[in-house]
Every structure is written in structure tokens, then in C-alpha cells.
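Trainee: Since the structure of chain A is already known, use the hints to place chain B on it.
For the record, the sequence lines run as chains A and B.
Under this note's numbering, think of the first position of the first sequence as 1, with each following residue one higher.
Under this note's numbering, think of the first position of the second sequence as 1, with each following residue one higher.
Derived by calculation from the structure, the hints in this document are not laboratory data.
Note that the structure is predicted; figures quoted are calculated from it, not measured.
Every clue listed holds true.
List time: in silico DSS-like cross-link candidates among lysine-lysine, alpha-carbon distance up to 27 Å:
#: 1; chain 1: A; residue 1: Lys151; chain 2: B; residue 2: Lys19
#: 2; chain 1: B; residue 1: Lys52; chain 2: A; residue 2: Lys12
#: 3; chain 1: B; residue 1: Lys30; chain 2: A; residue 2: Lys12
#: 4; chain 1: A; residue 1: Lys11; chain 2: B; residue 2: Lys52
#: 5; chain 1: B; residue 1: Lys19; chain 2: A; residue 2: Lys147
#: 6; chain 1: A; residue 1: Lys15; chain 2: B; residue 2: Lys19
#: 7; chain 1: A; residue 1: Lys5; chain 2: B; residue 2: Lys90
#: 8; chain 1: B; residue 1: Lys235; chain 2: A; residue 2: Lys15
#: 9; chain 1: B; residue 1: Lys52; chain 2: A; residue 2: Lys5
#: 10; chain 1: B; residue 1: Lys19; chain 2: A; residue 2: Lys12
#: 11; chain 1: B; residue 1: Lys48; chain 2: A; residue 2: Lys11
#: 12; chain 1: A; residue 1: Lys11; chain 2: B; residue 2: Lys179
#: 13; chain 1: B; residue 1: Lys30; chain 2: A; residue 2: Lys5
#: 14; chain 1: B; residue 1: Lys59; chain 2: A; residue 2: Lys82
#: 15; chain 1: B; residue 1: Lys86; chain 2: A; residue 2: Lys5
#: 16; chain 1: A; residue 1: Lys5; chain 2: B; residue 2: Lys179
#: 17; chain 1: B; residue 1: Lys179; chain 2: A; residue 2: Lys12
#: 18; chain 1: B; residue 1: Lys52; chain 2: A; residue 2: Lys15
#: 19; chain 1: A; residue 1: Lys5; chain 2: B; residue 2: Lys135
FRET-style restraints, in silico, Cβ to Cβ:
#: 20; chain 1: B; residue 1: His231; chain 2: A; residue 2: Asp6; range: 35 to 41 Å
#: 21; chain 1: B; residue 1: Asn82; chain 2: A; residue 2: Thr8; range: 18 to 24 Å
#: 22; chain 1: B; residue 1: Gln43; chain 2: A; residue 2: Glu46; range: 55 to 61 Å
#: 23; chain 1: A; residue 1: Gln105; chain 2: B; residue 2: Asp307; range: 30 to 36 Å
#: 24; chain 1: B; residue 1: Gly49; chain 2: A; residue 2: Met163; range: 50 to 56 Å
#: 25; chain 1: B; residue 1: Arg36; chain 2: A; residue 2: Pro81; range: 22 to 28 Å
#: 26; chain 1: A; residue 1: Asn80; chain 2: B; residue 2: Val3; range: 55 to 61 Å
#: 27; chain 1: A; residue 1: Thr8; chain 2: B; residue 2: Gly49; range: 17 to 23 Å
#: 28; chain 1: B; residue 1: His231; chain 2: A; residue 2: Asp115; range: 26 to 32 Å
#: 29; chain 1: B; residue 1: Asn47; chain 2: A; residue 2: Asp39; range: 55 to 61 Å
#: 30; chain 1: A; residue 1: Lys82; chain 2: B; residue 2: Ser5; range: 53 to 59 Å
#: 31; chain 1: B; residue 1: Ser5; chain 2: A; residue 2: Asp39; range: 51 to 57 Å
Using N, Cα and C, we set each Cβ at its ideal position, and we do this for glycine too.
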Amino acid sequence: MGEYKDITPGKKRIKRLYTAIMLWFVGRSIQAAAKIDDDVKKEFEELPDQFLFSLGVTPDGPRMLVGKDVNGRVKYLGSNPKGRKINVDMTIKNLEAAILLFTFQESTAISSCHDRLTVDGDIPSACSVVRILDMVEVYLLPKIVAKLAVKRYPQWSTERKLMGRTKIYLRAILGF
Amino acid sequence: MQVSSNIEFICPVKTNAGKKGLDHIPIELKALNAERPIVITDQETANKGLSKHMINAFKDSGMHFGLFEGVPKTADVKTIRNLSQKFLYKGFDAIIAMGGGAAMDVAKGLNMVVSGTPEDLKLLAGIDKIQHRLKPFIAVPTAWGNGFEITKYAFIESKAYASHHLMPDLVVIDPVLFKAPDTKLMVSSAMIALTHAIEACIHPNGNEFIDCYAHAAIQHIKTCFPKALTHPKDKQANAGIGQAAAMAGCAFSNVHPGMIHRLGKAAGTMFNISSGICMGILLPYGLEYKLKKNKALVSKLFHSIADFDERAQTSPGAQQQKIIQYIKKLQNNMADATKKTLPLTLQQADISKNSLAAIAQRAIDNGLSMDKDECLKVLTAAYDGKSIA
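Only chain A is shown next, with the shape it has when bound in the complex:
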């Protein structure tokens, strides 16, 4: 049995860090977009109060939680799901799938078609979450990249895109 080895696979630290930063930034951007964009606001209004969704990588990978408080305000709630009741839990099956998603090689829709995502929770709410994520990606990314990341690139006015992008970046970085 000379050819036998016990293997302890290592960690993908850089990919993990990249995914964690992306999730952190997207989480804060959702919070910002819910304040400045009417369509995002409307999507959240249709979700129940104290609605909480999570997007993360299994097992024990980076995660983001975004939810509505009792007053209907949308908040980025960090990465620790312990003790929280999650309504829609979107889990990316592995770190490589998360990298494909967050380097925009695959859109959310294609990623779920390729069986890289699992969704636990109410399907209409999950669809709302995907629409919110798509809108936030349109704000965050230049058109050439966003086209790869979303299912259909929307016909928004330049003013909406540029003003919204500036405000969302500022709010996401400064955290308000």
C-alpha cells in the first residue's frame, strides 16, 4: 500500500477573503439601495416585517444577512446567523461556485440553473431577493460587467444609474 496517503486538504484563503469582502459590500449596498431606489424599496415593502434573508457559502463559508426591522427599515446584519430566524436562506454549494458568481462569470440565474445554489424558504420571497440582488448589481457594476451578472440588463436613465451608483457607493463605504 505504498501509494496510499492520508490527505488533509488545505484552505482557499484568498478566495474565501474575496467572497467575504464581496458579501460584506453587497450586504451594505442592499441597505443603501433600499433607501435611495424606489424599485428596491418597493420590493422590500412587499416582504413581511422582520423578514430576514441570508446568502452564504457552505460549509462554514462567508455569509451575509440582510433583514427588515419592526419599523420596516432594511439593515445589513453582519455574517452571524446564530439565534436568528432566517426566512430565505440562499446557500452557495461551494467556494468555487461563489467565485464564479462573484467574479461575474455566471449570473445568479445561470448559477441556480447549474445547481450551484440551494434556496431554503418561501419561493416568491426568494424571487424578490434575486430581483433586489440584480438591481444592486446594476448599480454597483459597470454595464459591461453587470450584463454578465444579471438576467436582463434594465433600461434605466443615465441619471438614475449615475446618481444612484454614487449614493450607494458612498453609503455602503461610510455605512449609513
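Mentor: Chain B only, in chain A's frame:
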């Protein structure tokens, strides 16, 4: 279309094919209630450095595994015994086989032993002797398969095992493992897949479920194989053949092996030639024989081979000729891709005319229910490279 009144079909295999397919293995293992697998690969796979892709797939999964890279060219009892001791001592709970036929056969043998007793290997030889579910088993084929990876069959030394419990729970076909394979090995895999799919498609016990897998496998080969021959480094085209082999394996597991398979396997084993190459040589002549005997099969097979335009443009009388022409054209493409080193007749494969009777006898002994003289007709045609008289 004729609708079957009684249908039996089994395919317990989940398939995960495509980019980053290997990275799904940890989560799939969890779904199978396993967390400590042993990975078995053959030396060819190890020499090509493909084990690193498996190690990468487990990074960040929190799982540890054992890696055995010493599967010999043909599966043997000694390797299985040694591996079973290691499996039980180290507390493994699942088997992952990566590579070609021998690695899969060893994994299937190991699964029989560790799911029962060591004596099982002797007792379970034959057809449908396994009565219980085995340990979780994941098959990760590479480009140098023997076409039996995803089937219910295992061949260990001189014994054959057949049971749907031997089929893997999951098949992972990742293009990264199909980088620039040896053309002859790839041709062999494709020909076994095509033979299995065609024979499943025209089998008298076939049904609509089997046809689904067989038709899809034939169409996959039709699309991917010419591309893989002209662009050997095209990972997607090579992986397409892997997918076709998996589909053909599922179809083939639901029927008894046919004449071309039996004769090809017998010739390959007796003359130490790849069975796939022999099946490829025999395919047009075997089909000619079968289609002449049963004209009803012509239209069915033509529908699975031809695309919509070809179907519209071909009269029923010309369909048989078109099928044979398609196979022969494929053979010529293969010969061109291998710089004419690929034999197109049994004579070119250095098989003597005197041994054709022995090949026929061997195939009959292995379960081919066909008259010896009829077998000889097919073998003689394949020897001379001429149509059946």
C-alpha cells in the same frame, strides 16, 4: 412509435457534469450521509497529476480523505483485500473512484467487500446476487475509461459481477479531467459508448426509458466526437464523450449485452487489443447484420442518429445505407485523427482469420445467444472490410 405495455427501467445514478463539477463532491457526500471517503485512482490518472484536482475540490470542505493511487491495469482481488483492510481500519464511509475501468472495478469490488464480508467477492460473482444497498459510491470518470464505469458491471480477475447496486450513486464529469487525452484511448471510450447506446436502442427488450438515454448518448457522440477528433485539446468535446459514456452506461445497464459488445470484448480480451477499438471495427458489420434481420429497427435507429433535415431528406429505403455510411465515415475520421494507425478491419488489427471461430466461441461462452455460423458471418465481414454476403 410503439408504446411498450410493460416497462422496467432502473437508473439510480445522479449526474453532476460540467465546469467545477468536482467541487460539488463534498456537499453530495454529506447528502449521502458520508464524510470520510477513500479516493481510488489508477496509475494513469496519478501520472497525469489529476489527483490534485480532487484535493482542490475538498479544500475548505472540512473533510479529510484517503488517497490510493496504485490501482493496477486490471482489477485484482489482492488490491481489493488490501484496500478493504485500510477502509475498515481508517473508518472510511464512502468510496470515490477516479479514472478508468480498473479503478472503477476495484472500487465496486471494494464496495462489495466493505458492505458485507470479505467472502462476498467470491459469492457475489454472477448476475443480480447483491441483495442490499452498498456504501455510498461516487464515480469520477476520466477520458481513458472502458465504458463500464457507469454500468452495473464489474470485472475482477476472471469474474464478472452484475447488479444495479454496483452502479454509482453519483457520477461527476468535470471537463478539467478530460484535457488532451491520448486519441486512441478517447476513440476506444467513444466507440464503447456508441456500441452500448446503439445496442441498447435496438435491443428487443428495449423500452422508451432506455431509448431516452440511448438516443441522447448517440446524439452527444455525433456532436462531440468529430470535434474531439479534430481538436484533441477541446475539454468540452472530450467531456461530452464522457457524458455520452455515462448515458450509454445507464441504458446498457438495463439490457443484456448485445452481439457487437460480446464479439468486440471477446476479440479484445483474446488479442490484447482495446475492446473499444474492436467494437468500433465490428459496429458497421454487426449493424448491417442486425438491420437486415429486423427491418423495423432501421427507422428507430435512423431517428436517433440523423438530425431533422436528414430525416426529411432520406427515404425509408435509404435509411439503412445512411446509418452504415455514418458509422464508416466516423471510422475514417478516427483513422485520419490517429494518422492511419487505427485498424479499420480485424485483419489490420493483426487478428488471424483462423482465430475468428475461437472469438465467436468465446463470445458464445460468455453469454451471446447466437448461432456460431452467424457470428462468423459478421466476423468475416469485419475481417475483410466488406459487406455481409
